[in-house]
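J.: The residues making up each chain are set out below.
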Amino acid sequence: MSEAKVKEKKEVAGTPEKTHFPPCRDACPVKTDIQNYVWLIGEGRNEDAFDIIRSVNPIASVCSLICHHPCEQQCRRCDVDKPVSIRHLKRFAIEQATEYRRSKRKAVPKTRGKSIGIIGSGPSGLTAANDLADLGYDVTIYEKGPDLGGMLSSAIPTYRLSREALREDIDDVLSKGVESVTNCNIGEDITMKELREKHDAVLVAVGLAESRSLPIPGVDGPGVLLAIPFLFNAAYGKPTGIGKRVLVIGGGNVAVDVARTALRLGAENVEMVCLESEEEMPAWDWEVEEADEEGIKVHHRWGPKGVSRDGDTVKGLDVVKVTSVFDESGRFNPKFDENQKQLIEADTIIITIGQMSNYDFLKGSSVERDERGLLKWDRATQMSSESGVFVSGEVVTGPGSAIAAAASGHRSARAIHLFLEGKDVAAGLQDEEIARIEKLPPDVACKVKSVPRNETELLDPKTRCREFIQIEIGYDEMTALKEARRCRSCGGGALVDQDKCMACLTCLRICPYDAPVVTNASYISPDRCQACGLCAPECPARAIRMFGYDVDSIRNEMSAYIGKVDPSRKEPVVAAFMCSKYALDKSVSLPSNIRPIQVHCASRIDTLDVLKAFEAGADGVAVVMCDSEGCRHPGVSRIVARRLRHIQGLVQPLGIANEAVGHLKATEGQDWTEGLGGIAAGIPVRGK
Amino acid sequence: MKSGSNLEKVLASGNPAVTAELGPPMSASPEEVVHKAKLLKGFCDAANITDCQTAVVRISSIAAAKIALDQGLEPVMQMTCRDRNRIAMQADILGAAALGLKNCLCIAGDHQSFSAAGRLKGHPGAKNVYDVDSIQLAGILKKMRDEGLQEGGDPLEVAPQLFIGSAWTPGGDPIDYRPYRLKKKVDAGSDFIQTQGIYDVEMFRRQMKKAVELGVTERTAILGGIIVPRSAMMLKYMNNSVAGVSVPREMIERMAKAKEAAGDDKKKARELQEAEGLKITVELIKQVLDIPGVKGVHIQAIEWESAIEGIVKDAGLYPRPQV
Amino acid sequence: MIVGSQKPLDEIWGMVKDSKNVLVFGCNTCVAICHAGGEKEAESIASLLRTKAGQEGVDMKVESMGIQRHCEPEYFEPVMDRVRGYDMVLSTACGVGVNFLAERIGKVQVCPGINTSFYGAVESPGVFKELCAGCGDCILHMTGGICPVARCSKTLMNGPCGGTDNGKCEIGKEVDCAWYLIVERMKTLGTLDQLAEVRPPRDWSPGTAGGPRRLTIEHLMDMEESEE
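For the protein sequence lines, the chains are A, B and C, in the order given. Per my numbering, the first sequence starts with residue 267, numbered consecutively. Per my numbering, the second sequence starts with residue 23, numbered consecutively. Per my numbering, the third sequence starts with residue 453, numbered consecutively.
Okay, chain A solo, but in the shape it has when bound (with noise of 0.2 Å):
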């Protein structure tokens, strides 16, 4: 008998591999998959949820109170009201795994007989750390300063990034068997040519560390500082210099930072200036915000011509009117009035300017530099001027976010594993092109309803800037879950296997925004699906799974979901299908015969999944799901309780009572485990 022709079909299981990447991901350098992390918080699983955080990124704790996060600036609520608080909640799933996270440190065995040596322990050089260790390497990191973090640990303050959070992030490196070596020098403490000797590829990951100063008059002599040795030294209690009147030169965030930490110190007056418009400053705008809810002025459009000097002691700083910053190309370009005048008043002037690199850790290597003033490299392949040193990070990129250079680390570490095993190292650094969910369509943005943004409170600006505590309060467990749940999902939801689908048009009629679109088979827009849920139990040829969840795991679950089931019973057993709104709620005890089975949405409750929970003995089904005012997608519990309908009449022949499987349309500020109870009371125990 010939072979057979026509393949029977793979059956498909769990959740599928993410076809579209949302906005939110695609903005993140290193691609986190918020959706995922977003939707398990939204469930009650923070440690889930810090693992699909942790596994894309050893800086997590830092991200999770100093990203600039890109990905709310992207994310598609923005077209409805305000973007889902993603960093706030990143911080709250990751607090609340702490003990979590700490009990999964293990050393990784090195494995492949070679070592990496790293030079810098800031964001690139810990994250190519992490992942080179994760691949069995032996790794050490050398250190400049007394601690790790590198930027992080002596350029961020502390109200912003605590040094707990930071260690945490290290602590989870280290704990693989990375080595570390702090207070070293590299070209004092130890050279590149002995680098390269002992280790088998080098990484120079150093940043840029060093503050760039302004060639104008009286800027040497004392009172006029720069930005990073200022901040080093408040970081670590040493005494910095500073007067009583501050101004800072600088518009960047670090020049913020730099003010801020000013005042935290004892200035009395702190003020700024920068060449930039409010418009146009660099700084991020919360922390603008920030620093001038603290007292903060800031002088905008004016350039420092020279530092005015009583003999040694500073009085100011000689400005010109800036009329304008960028020409028509865009191009930092600044014009001057030199008309326009005047001295603001000071006694320390610190100068937050920008940042570069000290090459002088090169000497006696073939590692170059290029004409911007940073190390060549080879973007192909993240590798310097001299064979075996790559590179990552500020150094080769410019001034970058930290996340951006965690990206970077990533990808040095995959160029470094294939270069030692070696393979093509260009060739293997391609990156799969991932296509992206594009905005919002008005006519689905329209059925999003409005729900406002959960914001987290700061500590009082007037007590907050005089200590170097976390300004930030942190999402306490109720508005993480409401906050998580205006996250609409995008790229989790439905997908078709085209195999399967016979273009029967259940989907399409029933989707609330009208995602399917149906050829020979359908095909669900990730622009428009809201993973609702509401297709894939209707799906008559089981065609539907989702990217956000897997569609069986309830009812493959279920017998564990309704346990133990007493023959002599009083009481009839319940399987509980709730909302993770009311699955979530501590405030509510539910007696122990009502078994609950939380669901993201009572959209997902399939036909099987009720039929399970009386094949695994319960005596009834109750869902409590949210009316149609407060349920997330319009017509989900109209759809439910039809669906609910069908199954009393396909349980009737088995003598089960159309009572045995009720619902109730849960209204906001009700008691619903009033109603809970009252469907249980009416449910007869089987068999009796």
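Worth flagging that the hints you see were computed from the coordinates, not collected in a lab. Note that this is a predicted model, so its numbers are computed, not measured. Any given hint might turn out to be false.
What the hints assert, rightly or not - Heads up, simulated BS3-like pairs for lysine-lysine below, C-alpha to C-alpha not over 27 Å straight-line:
1) B:LYS288 <-> B:LYS301
2) B:LYS206 <-> C:LYS620
3) A:LYS410 <-> A:LYS380
4) C:LYS639 <-> B:LYS206
5) A:LYS830 <-> C:LYS513
6) B:LYS258 <-> C:LYS620
7) B:LYS149 <-> C:LYS459
8) C:LYS620 <-> B:LYS205
9) C:LYS625 <-> B:LYS149
10) B:LYS143 <-> C:LYS625
11) C:LYS459 <-> B:LYS143
12) B:LYS258 <-> C:LYS625
Given chain A, put chains B and C in place with the hints provided.
T.: Coordinates of chains B and C only, in the frame set by chain A:
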């Protein structure tokens, strides 16, 4: 003469024809057929012998028609399309003609699910035939009679001489199509037409006008159907539930008044309504016969064959012409 | 499509109750579209049967699976070994599928999980109506596209009969009178005069009255070379 039946002769004489109806019993005994035939004999030119009307098993029309014929009453046998295919039909027609039957009414027949409007069990699960429709059946009869040929083309040794009839529901919907369908029946070969019961005389008048315009009334003899009402309830039922029959409100009210006049006396109420019903019947007969193109009446006194004598006499249609 | 609906659970139970190892075998084409016998329904029936078996104290294993179609042999091939491993197969395909499976399954009983009813279309979501009788000799060009074979309770060729009531058939108010629809449509099309001609008695032999039918398409036959 196509068949030489009494009905054909009366119609040919120009006299208004009167046909009545005899419903056979659910019985293997001929007794009731004999009894009813005796009641109708002499008061009509021919009597329809219904064929499993409302899809209920009764003595077959051909058998009951023969019994009636033996009593001296000319029958109009009926053949529904529901229960027989064209082979059985043609065989039965040859048999009917051989037994001396001369008139045949071709009707589609109520669907087997009807079972006397649900009052009897009937045989709703029976497989219906409907091999041919009533119009095609008329055509088959015509071909047998006029060409001596079976429907399939085989010859007949002796052709049956039958007067072919069809039914017409002038008030059925779509109402504007009904005169055209009547024409089809006549084109197919119908020599005479018996209509569904008429209470709305104006509607019938309008439809007859169209029939005249279509030239139908010259080619076929239309007998207006008159169903004898026995009670207000019966009139209401027919108005609401019998397709193609509409009863004017005034008529129902008239019957209702008759009932009210009896007060609580049930026996009296029945008597008064029946008396009113007979009056109405006679009025309808006179109005219908007055309409141009109408060649007679077909009076249906359902399970009340005994009333025919009085009706025919009161309508001035007694004695029946001897032709 | 072919439209059918699930048999009552009690009737199905009656068919399978003496079996030990039952497969509920779904079809993902027509019967899935009318939500009668697709993979999803097959799973549901299997679950209900397991529960019923538990209630009755009957030791029975019930599993389910589905394939794309039960009317083409290639779809059966990859799974037949597995299917033969059961002692009863409850097919939720249409009658065609039940027959077709029974022909090739060998010594395993096959019974029907659904009642196959008609060829129909979706009037509106959840509402299916019969529109074709598969009579083998289509005359829809003569009736404005409305079928008197499938949709007239008396299969009249020269309808309507006297039973039309407000456009509905005498058998019930939910059934349209097909001839009413035909007349109205042909009025709209301006072709009503085509109905004046008396249609002669119909040749029913191309339909089921003529016996079970078979269609052969020469140029599709013997497509693959036999390896035997």
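J.: Does each hint hold? Answer for all of them.
T.: Checked hints:
{"no.": "1", "hint": "B:LYS288 <-> B:LYS301", "in the structure": "20 Å, holds"}
{"no.": "2", "hint": "B:LYS206 <-> C:LYS620", "in the structure": "22 Å, holds"}
{"no.": "3", "hint": "A:LYS410 <-> A:LYS380", "in the structure": "24 Å, holds"}
{"no.": "4", "hint": "C:LYS639 <-> B:LYS206", "in the structure": "17 Å, holds"}
{"no.": "5", "hint": "A:LYS830 <-> C:LYS513", "in the structure": "22 Å, holds"}
{"no.": "6", "hint": "B:LYS258 <-> C:LYS620", "in the structure": "20 Å, holds"}
{"no.": "7", "hint": "B:LYS149 <-> C:LYS459", "in the structure": "22 Å, holds"}
{"no.": "8", "hint": "C:LYS620 <-> B:LYS205", "in the structure": "23 Å, holds"}
{"no.": "9", "hint": "C:LYS625 <-> B:LYS149", "in the structure": "21 Å, holds"}
{"no.": "10", "hint": "B:LYS143 <-> C:LYS625", "in the structure": "20 Å, holds"}
{"no.": "11", "hint": "C:LYS459 <-> B:LYS143", "in the structure": "25 Å, holds"}
{"no.": "12", "hint": "B:LYS258 <-> C:LYS625", "in the structure": "18 Å, holds"}
Against the hints set out earlier in the document, no violation occurs for any number.
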